[in-house]
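Order-wise, the sequence lines are chains P and L. Our numbering numbers the first residue of the first sequence as 1 and each following residue consecutively. Our numbering numbers the first residue of the second sequence as 1001 and each following residue consecutively.
Derived from the structure by calculation, the hints contain no laboratory data. These numbers come from a predicted model, not from an experiment. No residue lacks a Cβ here, since even glycine has one placed at the ideal position from N, Cα and C. Don't take each hint at face value.
Pairwise CB distance ranges (calculated) [stated by the list, open to error]:
| id | chain 1 | residue 1 | chain 2 | residue 2 | range |
| --- | --- | --- | --- | --- | --- |
| 1 | L | Glu-1124 | P | Thr-334 | 36 to 46 Å |
| 2 | P | Ile-136 | L | Tyr-1009 | 39 to 49 Å |
| 3 | L | Asp-1157 | P | Ser-288 | 53 to 63 Å |
| 4 | L | Arg-1166 | P | Leu-128 | 20 to 30 Å |
| 5 | P | Ser-280 | L | Asp-1157 | 47 to 57 Å |
| 6 | P | Leu-128 | L | Asp-1006 | 34 to 44 Å |
| 7 | L | Asp-1153 | P | Leu-128 | 24 to 34 Å |
| 8 | L | Asp-1153 | P | Ile-136 | 41 to 51 Å |
| 9 | L | Val-1205 | P | Lys-189 | 52 to 62 Å |
| 10 | P | Ala-97 | L | Asp-1153 | 38 to 48 Å |
| 11 | P | Thr-286 | L | Thr-1065 | 28 to 38 Å |
| 12 | P | Lys-229 | L | Asp-1135 | 44 to 54 Å |
| 13 | P | Arg-166 | L | Leu-1133 | 38 to 48 Å |
| 14 | P | Thr-286 | L | Lys-1097 | 27 to 37 Å |
Computed list of lysine-lysine pairs in BS3-like fashion (alpha-carbon distance at most 30 Å, straight line) [as the list claims (entries may be wrong)]:
| id | chain 1 | residue 1 | chain 2 | residue 2 |
| --- | --- | --- | --- | --- |
| 15 | P | Lys-189 | P | Lys-270 |
| 16 | P | Lys-64 | L | Lys-1141 |
| 17 | L | Lys-1142 | P | Lys-64 |
| 18 | L | Lys-1141 | P | Lys-287 |
| 19 | P | Lys-64 | L | Lys-1104 |
| 20 | L | Lys-1104 | P | Lys-287 |
| 21 | L | Lys-1113 | L | Lys-1173 |
| 22 | L | Lys-1141 | L | Lys-1121 |
| 23 | L | Lys-1097 | L | Lys-1170 |
| 24 | L | Lys-1097 | L | Lys-1075 |
| 25 | L | Lys-1111 | L | Lys-1173 |
What the simulated footprint calls covered on chain L by chain P, stretch by stretch (three residues with Cβ under 8 Å from a Cβ of chain P suffice, anywhere in the stretch; the number is not a length) [claimed, not checked]:
| id | stretch |
| --- | --- |
| 26 | 1098-1112 |
| 27 | 1185-1198 |
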Amino acid sequence: MSYDDRVLFSATTNALSHFADLVNAIAVTNSTMEVLVTPRGLMFKTTERGVFEISTLLEPGFFKNFDLITTDQPIRVFLDMDSFIESVNLANTMAAASESSGETVQCTFSYHHIGDPFIVTFEDDQILERVEFMIISDTGLENEDSTDSAITGENQGDYFQIDPSRLCLDMMLDSAMLYGILKDLKEVKTEQIYLYCAIEDDNPRVVFVSKGEVGYSRMTLPNINNALKEMAIYRDERPTTEDSVSTFYSFESFSKILRTASLATTIKFKIDTDGRTVMSLLITNTKSSITTVIEFKVLQTSDLNHDASMINNTFMTRLVSKEQKVSTSRHSNTAGTQLETLVNVERAQHRRTESGQDLPLFL
Amino acid sequence: MEINIDPLYQILRAYQRTNSHNLLFHLQKKTANKIGTYITNSKSAAFLSVFYDQQISMTSSVQHTFRIPIRLLKKDSDDRIQEPRSGDPALLLRLSKNITYLYKRIDRYKKAKHITLTVTKGGELSINIDHELRDVSMVWKKPLPIPAHSFDDVSSDSISLTLKLRDWKKGAKIAELSKTLMMMFLENQALVLHAFMDDEKKSEVLFYAGAFNA
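Take the sequences, apply the hints, and build the full model.
Right under this line is the structure:
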């Protein structure tokens, strides 16, 4: 058999509905879908350069067969997002309709050789549908000196990679809780979202602060023992018992995990001292009982120039303190949390910026 | 004769939706003494009158009467309307009922403009949909029975036909409603659907879709 006759990669699965859930959840940009094949599995990824990336890795065990001829170059292609999502969704709807009659759809991904289209086939008892996706170039990459990064493939966008020696927060949250909070914060037109995690007198505390049209609001995780499964704050690679970690994100980016959070059961946060944030959302498909992970990597975008420190940030400590004045407080709709509107925050901040001195926030 | 289909369709829908019976059609010529009472502003020389009784309650019913103007065609205008004829060798396929599943599947592709149907000597029916950024093909896995000698006059082992997707979709509705469905391939000319709408084969619909030749 000559090299040309060999298929570089082929993998088949029956879990089409689960797959459709995953790719829809990560299709949060309207550009391209990146496909990466390595011995670790088949990865789908969407990226907003320098802002966030969201990906899911389907390990070889996800497939009935996973055949990959490893060469020097990993298989890394970009597909048109709309076409790809449309085809997957069409096949999935049809599969759902035929499933009632006991049929299952086999979904095969294959790639013959470099430069060929990426092929996905959907096959049931009656029809074999074969979709060849043109390989398109990722415009963001072309401007970049990509010779080295193309070879490393998976390590593309290393700047999202957490530095383990600088890890400062490691926690596990109930995903439904986070989903509820994000939905509520979206309703109050949040522009910036601040995450405050602390251990106070041996008790963990998690607060989400929203900055938006109505000013600052905060949302404290209620029943923290139910929602928070695990939390550790590190200082110089050692767990601490007194510190707090504050991170700041644009809500537009952060809320890209909304759909994923609605599917997931558990969400794991890892944040390093540069504000690199990795969220791993665990998704278990009820039908197939397959568990997969969607990983969301985002960089913090601080707008608090005067006090950007993540550890024990004084501004944040004041915002979440019990002494902070609150104008209104209402029960949130979905998360069961208390949404409190904070007052006198902007004024205090202004004073401080103008004078350039460290005035107390609540004067 | 020619008739505007929409009013007829509306009447039949109303008949179907209500508790009605005794549906009657009369093809009527306009007569002088009836002009004033009914449609005075119509130039039509004939009407299709539709009557039915709608049961309002156990004891009362309402009779509905509709008149749809009809255009009677003169001989020369009738001659101008030509049914496509199958001069070239045609491949006749009898399709199984669940082929509508294939129709439905294609129906979901919204943006495509053309589809190409191919039938091989071995009875494999495949359909190609060309998109800008992807190429979709669907194969009906069960070979269709090919009548003997169908490929005698065909130089290759397969027959292909490209249609506008829009035309295919119109035919799809007929396929869905039919009881028995035949598909006729007139290579590079047309696809003809011959559908029997009931088990007794009392009513049939013929659907022609002209081939698209780029």
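Here's how the hints hold up against the structure:
1. Restraint check, L:Glu-1124 to P:Thr-334: a C-beta distance of roughly 52 Å breaks the suggested window 36 to 46 Å.
2. In this structure the supplied range 39 to 49 Å holds for P:Ile-136 paired with L:Tyr-1009, their Cβ-Cβ distance being about 46 Å.
3. A hinted range of 53 to 63 Å is violated for the C-beta pair L:Asp-1157 and P:Ser-288, which are about 41 Å apart.
4. Distance hint check for L:Arg-1166 and P:Leu-128: the Cβ-Cβ separation is about 25 Å, which falls inside the suggested range of 20 to 30 Å.
5. A hinted range of 47 to 57 Å for the beta carbons of P:Ser-280 and L:Asp-1157 is consistent with their spacing of about 53 Å.
6. The supplied range of 34 to 44 Å is met by P:Leu-128 and L:Asp-1006, whose beta-carbon atoms lie about 40 Å from each other.
7. Evaluation of the 24 to 34 Å hint for L:Asp-1153 and P:Leu-128 yields a pass: the beta carbon distance comes to about 29 Å.
8. For L:Asp-1153 paired with P:Ile-136, a C-beta distance near 43 Å keeps the hint of 41 to 51 Å intact.
9. A beta carbon spacing of about 56 Å between L:Val-1205 and P:Lys-189 agrees with the range 52 to 62 Å that was offered as a hint.
10. Separated by about 40 Å at the C-beta atoms, P:Ala-97 and L:Asp-1153 satisfy the suggested range of 38 to 48 Å.
11. Between P:Thr-286 and L:Thr-1065 the beta carbons are some 58 Å apart, a value that contradicts the proposed interval 28 to 38 Å.
12. Separated by about 47 Å at the C-beta atoms, P:Lys-229 and L:Asp-1135 satisfy the suggested range of 44 to 54 Å.
13. Between P:Arg-166 and L:Leu-1133, the C-beta spacing of about 42 Å keeps the proposed range 38 to 48 Å intact.
14. Between P:Thr-286 and L:Lys-1097 the beta carbons are some 34 Å apart, a value that agrees with the proposed interval 27 to 37 Å.
15. Between P:Lys-189 and P:Lys-270 the CA atoms are separated by roughly 26 Å; this keeps the pair inside 30 Å, and the hint holds.
16. Restraint check for P:Lys-64 and L:Lys-1141: satisfied, since their Cα atoms lie roughly 22 Å apart, inside the 30 Å limit.
17. A hinted pair counts as satisfied when its Cα atoms are at most 30 Å apart, and L:Lys-1142 with P:Lys-64 qualifies at roughly 25 Å.
18. Between L:Lys-1141 and P:Lys-287 the alpha-carbon distance is near 27 Å, which keeps this suggested pair within the 30 Å criterion.
19. At most 30 Å may separate the alpha-carbon atoms for a hinted pair to count; P:Lys-64 and L:Lys-1104 meet this at roughly 29 Å.
20. Under the criterion of a C-alpha separation no larger than 30 Å, the hint pairing L:Lys-1104 with P:Lys-287 is consistent with the structure, at around 25 Å.
21. A hinted pair counts as satisfied when its Cα atoms are at most 30 Å apart, and L:Lys-1113 with L:Lys-1173 qualifies at roughly 18 Å.
22. Proximity of L:Lys-1141 to L:Lys-1121 is assessed by CA-CA distance (about 14 Å); at most 30 Å being required, the pair is judged to hold.
23. Distance check on the hinted pair: L:Lys-1097 and L:Lys-1170 sit about 17 Å apart at the alpha-carbon level, within 30 Å; holds.
24. Taken as a hint, the L:Lys-1097 and L:Lys-1075 pair is broken in the structure, with Cα atoms around 40 Å apart against an allowance of 30 Å.
25. For the hint linking L:Lys-1111 to L:Lys-1173, the alpha-carbon distance of about 19 Å falls within 30 Å, and the restraint holds.
26. Proximity of the stretch 1098-1112 of chain L to chain P, defined as three or more residues with a beta carbon under 8 Å from a beta carbon of that chain, is established by the 7 residues found.
27. Three residues within the 8 Å Cβ limit are the bar, and the stretch 1185-1198 of chain L against chain P gives 0, so the coverage statement is violated.
Of the numbered hints stated above, those contradicted by the structure are hints 1, 3, 11, 24 and 27, listed in ascending order.
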